[in-house]
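So the sequences go chain by chain: H and D.
Numbering-wise, the first sequence is residues 1 to 420 according to the working numbering.
Numbering-wise, the second sequence is residues 1 to 425 according to the working numbering.
Calculated directly from the structure, the hints in this document are not laboratory data.
Careful, some of the hints might be misleading.
BS3-like, lysine-lysine: derived pairs with alpha carbons at most 25 Å apart [what the hints assert, rightly or not]:
1. H:Lys116 to D:Lys326
2. H:Lys60 to D:Lys297
3. D:Lys114 to H:Lys344
4. H:Lys69 to D:Lys337
5. H:Lys277 to D:Lys297
6. H:Lys277 to H:Lys331
7. H:Lys289 to D:Lys326
8. D:Lys297 to H:Lys69
9. D:Lys183 to H:Lys117
10. H:Lys117 to D:Lys329
11. H:Lys117 to D:Lys127
12. H:Lys117 to D:Lys349
13. H:Lys289 to D:Lys127
14. H:Lys97 to D:Lys349
15. D:Lys330 to H:Lys316
16. H:Lys288 to D:Lys127
17. H:Lys61 to D:Lys329
18. H:Lys277 to D:Lys337
Facing chain D, from chain H, some residues (calculated, C-beta under 10 Å) [unchecked claim]:
19. Lys7
20. Lys11
21. Thr124
Rough simulated footprint, nothing fancy, chain H against chain D, three-plus residues with beta-carbon under 8 Å [said to hold, decoys possible]:
22. 184-198
23. 249-259
It should be emphasised that the depicted structure is a prediction, and the values quoted were computed from it without experimental measurement.
Cβ atoms here follow ideal geometry from the backbone N, Cα and C, with glycine treated the same way.
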Amino acid sequence: MENKITKVSLKNGMKVLLKEVHTSPIISSWLWYRVGSRDEPTGKTGISHWTEHMQFKGTKKFPANILDKAISREGGRWNAATSRDATHYYETMPADKIDLALQLEADRMNNSHFNKKEVASERTVIISEREGHENEPVFRMTEAVQQTAFRVHPYHHEVIGDMVDLRTITRDDLYDHYRKYYVPNNAVLSVAGDFQTKTILKRIRELFEPIPRGKTPPRLSRPEAEQKGEVRVSVEGPGETTFIQVAYRFPNATHPDYFPLQVFDSLLCGASGLSSKTSRLYRALVDKKYAVEVSGWSEATIDPYLYRITMIKHPKRKPDEVLAALDAEIKKLQDVFATRDEIKRAVKQARAVFVYGNENITSQAFWMGYVEMFSSYEWYTTYLDNLAKVTPQDIQRVAQEYFQPASRVIGTYIPKGSEA
Amino acid sequence: MAKPSMKPSLPGPEDIYRVQLPNGITVLARSNFSSPSISMGGYLPAGSIFEVDEKLGLADFVSSCLMRGTQTRTFDEIYNELESVGASMGFDSTVHNLNFGGRSLVEDFPLLLKLLSESLFAPAFPKNEVENLRVHMLTGLALREQDTSDLAAMAFDRMLFEGHPYSRPGDGFVETIQSITRKDMQEFHHRYFGPSGMTIAIVGAIDPKKAAEAVEKVLGSWQIPGQVSPPELPDHKPVKKTVTNHHVLPGKSQSDLVIGMIGPGRKDPEYFPASLGNSVLGQFGMMGRIGEVVREKSGLAYYASSSLSGGTGPGSWEVSAGVNPKNLKKAIELIEKELRRFVKSGVTKDELADSQANYIGRLPLSLESNSGVAGAILNMERHSLGLDYYQRYEGMVRGVTRADVLRAARKYIDPDRLVISTAGP
């Protein structure tokens with residue numbers, strides 16, 4: 001597949017990544033800031049996500065009610081999201097309308113109001129967002145697992161933040177956060193689509209280069225001490241369905257073990273983006289009636305994070321029976337080499353998912369910027385090759401090293417009134 | 001500014017190859033060589049409309065079981081073939097149709113077709129798999145009982161379409177799922193599955209004619225004499241006065257609400273004006289006027305928007321939102337007020353122009369991926385819109401006037417005859 005891109009650093013330190021794709025008259029532009037929930041001290045949890053919301057509340061040039069209408073009027077699609085390590089804003093537009101998106105992003109990097117009244121009304125919107133999450137058993141269990149796994153590292157809280165902070169964060173807190181992190185030298189712009197690189201780069205320079213460089217914002221990081229012994233946590237709530245989540249410690253995305261672990265995940269829980277009815281855990285847990293559903297999930301992060309296996313318990317089983325079946329399956333990968341054919345299969349699956357992603361210009365722009373948040377574009381272009389290099393010995397080694405009970409957290413959602 | 005180097009190419013009669021096979025299957029194909037992948041989608045008229053009340057969920061159960069084993073392959077073998085090459089395929093059911101979809105690298109397209117035909121022709125409904133699925137479906141129903149938005153939506157449909165097939169939940173109820181036997185599933189398959197009324201669309205890195213030939217090779221021999229045609233859709237009863245229902249669900253931190261009425265079907269002349277009007281009401285920008293008053297101005301909800309669901313028959317025209325339980329009443333009042341304003345004075349010139357521009361501008365985005373194009377082709381075919389629909393689309397959008405929107409709003413929306421469904425503590 002075509003992976004040629006242009007990388008440029010503007011005079012103010014902003015990084016620009018451009019990829020021409022002429023398959024459809026569309027351009028997708030993504031602006032990434034190196035700030036996420038991991039940069040929030042206690043008492044200010046959720047502030048990065050709330051700041052992201054405030055970026056839709058207008059500037060002098062694009063007042064709130066003008067902003068969204070302007071994009072929608074041109075048939076654009078836009079949104080934003082905050083993760084643990086980064087915050088991004090994107091617009092996918094008909095190619096001849098992309099200038100509006102670039103103007104908007106350049107403007108709100110520096111000129112957002114953070115009006116007091118808007119902060120007040122957004123506070124209740126975000127509280128409502130959190131209340132919606134709290135309706136979901138899996139959210140409550142996942143949050144409990146995460147805060148148990150990280151006492152020291154700021155990965156301990158959910159991106160949405162704790163309710164107590166959502167009630168007390170002030171307008172000035174938000175504005176300070178914005179000024180501190182929304183500087184060009186802390187941003188990456190990734191644009192893909194139907195443009196000429198030279199022309200669009202000139203325009204990007206015009207719009208973004210006048211924004212002054214700021215102080216390089218520090219990243220908050222307090223390494224978590226090694227976990228010594230399994231920890232179990234449970235939450236209770238309405239319903240009759242028991243959920244179980246087992247979280248193991250996972251290395252950061254640039255760690256050499258990241259790739260063998262991706263293959264391991266493919267074998268254990270199935271390839272991401274595909275059905276997973278022939279994964280080892282599906283066969284061992286769902287086919288054998290220990291669980292009704294099982295899924296694995298990992299995230300590419302800057303600091304070590306978690307690999308989570310989430311299960312819906314079969315109504316006729318006890319939670320410990322489900323865990324024993326899970327352990328038996330992991331033990332097989334620790335004791336017996338996976339075959340080379342299984343690894344080949346994982347690589348073919350990943351290749352197919354890459355190809356599907358490339359049907360879409362939005363996803364190509366996304367990947368360029370996304371990987372830049374924890375590594376560089378080469379991480380993406382060499383991904384399949386790195387997977388192909390994984391050996392059965394690598395898989396056995398990472399299975400033994402990362403999948404020990406002593407370094408895991410087990411969470412259970414216990415439905416009130418059931419015998420689970 | 002960067003000048004686009006190409007013109008949008010909208011799917012149309014000159015690049016969609018359409019052929020009807022002698023056994024009744026309609027095949028549509030369009031090529032896209034920009035990526036070595038392929039997307040497939042389609043439907044046949046074997047939906048839940050055939051179910052009796054005592055067996056609600058049967059069509060859904062059958063559709064979930066089609067890939068759980070065929071006469072020649074086990075569940076594990078089917079998925080092993082698919083997953084080994086990074087392909088995927090699935091079935092689901094709606095009131096009118098059994099739908100299917102799949103994607104693969106182009107080299108694995110024959111595999112998709114082979115598994116599609118086997119699942120349709122010769123599902124085995126293996127006993128063990130039927131029981132596995134039953135537990136899965138019952139778990140789904142237990143989760144539904146705890147989901148405020150599912151519960152509000154389900155009661156809304158029940159009240160809005162009382163006595164009509166659209167009133168029934170496709171996933172059934174605990175008693176009905178428990179009562180469905182393997183024999184019921186075999187009979188459902190035997191009576192209602194067949195080539196008559198089936199449509200399949202293929203989009204991807206393949207010559208359209210070759211794609212159609214490949215389909216004919218595997219599906220062309222399917223013959224089902226006596227395939228039962230779907231019954232006529234009955235009329236629905238009008239809503240005579242506002243009805244409300246609150247489903248009490250203790251222990252939840254958010255309530256969900258659905259407020260609405262009957263809306264137009266896809267083929268009704270008011271569909272297009274209603275759709276553009278709905279965009280102003282609860283879609284455009286940050287969820288339209290509804291989003292503006294409920295979320296932006298009052299800060300009551302994270303989401304609040306409106307939608308039209310009309311398809312083969314009439315759909316609902318509904319507003320939905322998730323709010324803090326103590327704000328439920330206030331949110332309902334705000335939404336009712338917006339509905340009154342909407343039927344009183346319709347939309348402004350600027351609002352209509354905005355939504356028209358949005359509909360036209362976003363078209364290339366929705367037609368970017370193979371699955372997007374396949375969905376668009378199936379949409380044209382299902383509702384007999386004509387294969388030049390997307391090429392006429394801009395003219396049709398621009399042709400809608402403020403008076404058209406107001407007429408559609410007044411035909412369907414009566415703020416004194418609403419169905420109001422809520423669920424939460």
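Next item on the list: Determine which of the earlier numbered hints do not hold for this structure and return their numbers in increasing order.
Entry: 5, 7, 9, 11, 12, 15, 17, 18, 19, 20 and 22
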